[in-house]
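Participant: What follows is the residue order along each chain.
Number of protein chains: 4
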Amino acid sequence: MAFRTKARVRFGDVDRAGIAYYPRIFDFFHVAFEEFWDRFMGVSYAKVVTEEHLGFPLIDAKAQFRAPLRYGDELTVSVSLKRIGGSSATWGYSIDSPRGERCCDAELTTVCVDMRTWAKRTIPDVYRRKFEACRPE
Amino acid sequence: MAFRTKARVRFGDVDRAGIAYYPRIFDFFHVAFEEFWDRFMGVSYAKVVTEEHLGFPLIDAKAQFRAPLRYGDELTVSVSLKRIGGSSATWGYSIDSPRGERCCDAELTTVCVDMRTWAKRTIPDVYRRKFEACRPE
Amino acid sequence: MAFRTKARVRFGDVDRAGIAYYPRIFDFFHVAFEEFWDRFMGVSYAKVVTEEHLGFPLIDAKAQFRAPLRYGDELTVSVSLKRIGGSSATWGYSIDSPRGERCCDAELTTVCVDMRTWAKRTIPDVYRRKFEACRPE
Amino acid sequence: MAFRTKARVRFGDVDRAGIAYYPRIFDFFHVAFEEFWDRFMGVSYAKVVTEEHLGFPLIDAKAQFRAPLRYGDELTVSVSLKRIGGSSATWGYSIDSPRGERCCDAELTTVCVDMRTWAKRTIPDVYRRKFEACRPE
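Residue numbers (our numbering), protein chains in the order written: chain A, 2 to 138; chain B, 2 to 138; chain C, 2 to 138; chain D, 2 to 138.
FYI, nobody ran anything at the bench for these hints, they're computed from the structure.
Any given hint might turn out to be false.
[Unchecked claim] BS3-like, lysine-lysine: derived pairs with alpha carbons at most 27 Å apart:
(1) A:K131 - A:K48
(2) D:K48 - B:K7
(3) B:K63 - A:K7
(4) B:K7 - A:K63
(5) C:K121 - C:K7
(6) B:K48 - B:K83
(7) B:K63 - A:K63
(8) B:K63 - A:K83
(9) A:K131 - A:K83
(10) A:K48 - C:K7
(11) C:K63 - D:K121
(12) C:K48 - C:K121
[What the hints assert, rightly or not] Residues from chain D shown here face chain A by an in silico Cβ test under 8 Å; the list is partial:
(13) F12
(14) G13
(15) V15
(16) D16
(17) R17
(18) G19
(19) Y22
(20) P24
(21) Y72
For each residue, glycine too, the CB sits at the ideal point set by N, CA and C.
Pulled out of the complex, with its shape left as it was, chain A reads as follows (with noise of 0.2 Å):
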């Protein structure tokens, strides 16, 4: 099943409007990668970044922003794998408002790299397996 965590909308996340700054939806996304990390994988990201020198930046992005997030609004964001090859994961985002709103869908394409070289290595066998078990319901 999909991984769900909760996030919040900040004072500093809102413009004038009062509704998240856009960029900072990325943020939003990438926090929640790493909460993914923490509670679904069983490590954390600085581990993995840090002592296993392994990285999962982004190389693809597709985004649909269908409602405002605003200020204070207490947002559902859930993250699952859509499709893995050798190196490379697409990831399903979404995020849903307090008020039942689909506010935002994603598509992110991350390739696993070493972070000291920056080259492309295979995904290891114990995060895919890990990876795959985090499916769109």
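Assemble chains B, C and D onto chain A, guided by the hints.
Facilitator: Below, chains B, C and D without anything else, positioned relative to chain A:
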């Protein structure tokens, strides 16, 4: 012709690998859009937003990240109109590094709204004509 | 007693040395202030700002940075009232790392204003009494 | 004499009252510090950090916020050396609005460190002499 501006990858933009954290790349796009208003449209986006109550929030984003933006890089960001409808406009963005690499291509679709009510509006003719003059080479 | 909350040092918070970029530390303080409203004051800061038109902008800041906040750290952020005047309030903040270090101490002075006019306002009694209950140990 | 540079208050810098979110003001200071290296010191801070492994993290900050920075404002940010020790340096910063107001004054103390080990270092003489030439009027 396209609008071109410069941006600099700052200390606070990079992550621990020394490359720009990707949500900041969308911030570079927005700053380029604000400079496009100042220098190509001849009116500041702040004035458009504050005095004319017009806004151009994002409804769709597609981006490909081809090469990292490194700390200290002076980037060339280009903006041009790709398609225009009654209230929506699709913009092409690209970012080139000082090493002559194409780092990023994006297609961002905005919709014209009244910032007070968030209602969709027809793009005013005076702006539409100028948008149409900002075409890719 | 002081209000305490947790914060996490995220990928986008750190610079290339793997420690939090210092302007982000002030962001941790503001998020802690928002959580203080939610959980200690019993009303969301979003509601105070949006419905009561009250704001508490910063007029003075003093901070000492004693030890770096590292990527992945789960921080303890504490907030307490140090002094209060008619419209101003001085807050003590501290940040402790999971290694038991005191990373940061700060003293931030806010002034109560009407968010529509930016005019100074007396802190409403109901809030003053609660502020006064949030004291350092 | 002091070093002066320009900064622009961007859409993503402002909160819902249309003024700069205060942690972003510290970001303006850091960007001004990076421009000080480029244009006054004659070497990019990126190069100092990346090739010489020198960093100047903040250990103490004092700031007064006197008037809001409004969306669209072109700010004048000034930087000058106030005091210098063996490894520490205290910098004076100010921000003036296009309306001629002094918006912000700050005093920020940095310590020179080796970015690889985080150990304190003596400020190299070549930099010390140039720092000393950047004095308040």
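Participant: Each hint needs a verdict: does it hold in this structure or not?
Facilitator: Status of the hints after comparison with the structure:
1. A:K131 - A:K48: Holds: A:K131 and A:K48 sit about 17 Å apart, inside 27 Å.
2. D:K48 - B:K7: 19 Å, holds
3. B:K63 - A:K7: 25 Å, holds
4. B:K7 - A:K63: 25 Å, holds
5. C:K121 - C:K7: 31 Å, violated
6. B:K48 - B:K83: 25 Å, holds
7. B:K63 - A:K63: 4 Å, holds
8. B:K63 - A:K83: Judged against 27 Å, a Cα distance of about 17 Å means the pair holds.
9. A:K131 - A:K83: 13 Å, holds
10. A:K48 - C:K7: 19 Å, holds
11. C:K63 - D:K121: 23 Å, holds
12. C:K48 - C:K121: Between C:K48 and C:K121 the Cα gap is close to 19 Å, so the pair holds against 27 Å.
13. F12: Holds, because the Cβ-Cβ distance from D:F12 to chain A comes to roughly 6 Å (cut-off 8 Å).
14. G13: Cβ of D:G13 sits 5 Å from chain A, so the hint holds.
15. V15: D:V15 check passes; min Cβ-Cβ to chain A is 5 Å, inside 8 Å.
16. D16: 6 Å, holds
17. R17: 5 Å, holds
18. G19: 4 Å, holds
19. Y22: This hint holds: D:Y22 lies near chain A, its Cβ roughly 5 Å from the closest one there, short of 8 Å.
20. P24: 6 Å, holds
21. Y72: Since chain A brings a Cβ to about 6 Å from D:Y72, closer than 8 Å, the hint holds.
Taken one by one, the earlier hints fail for this structure only at number 5.
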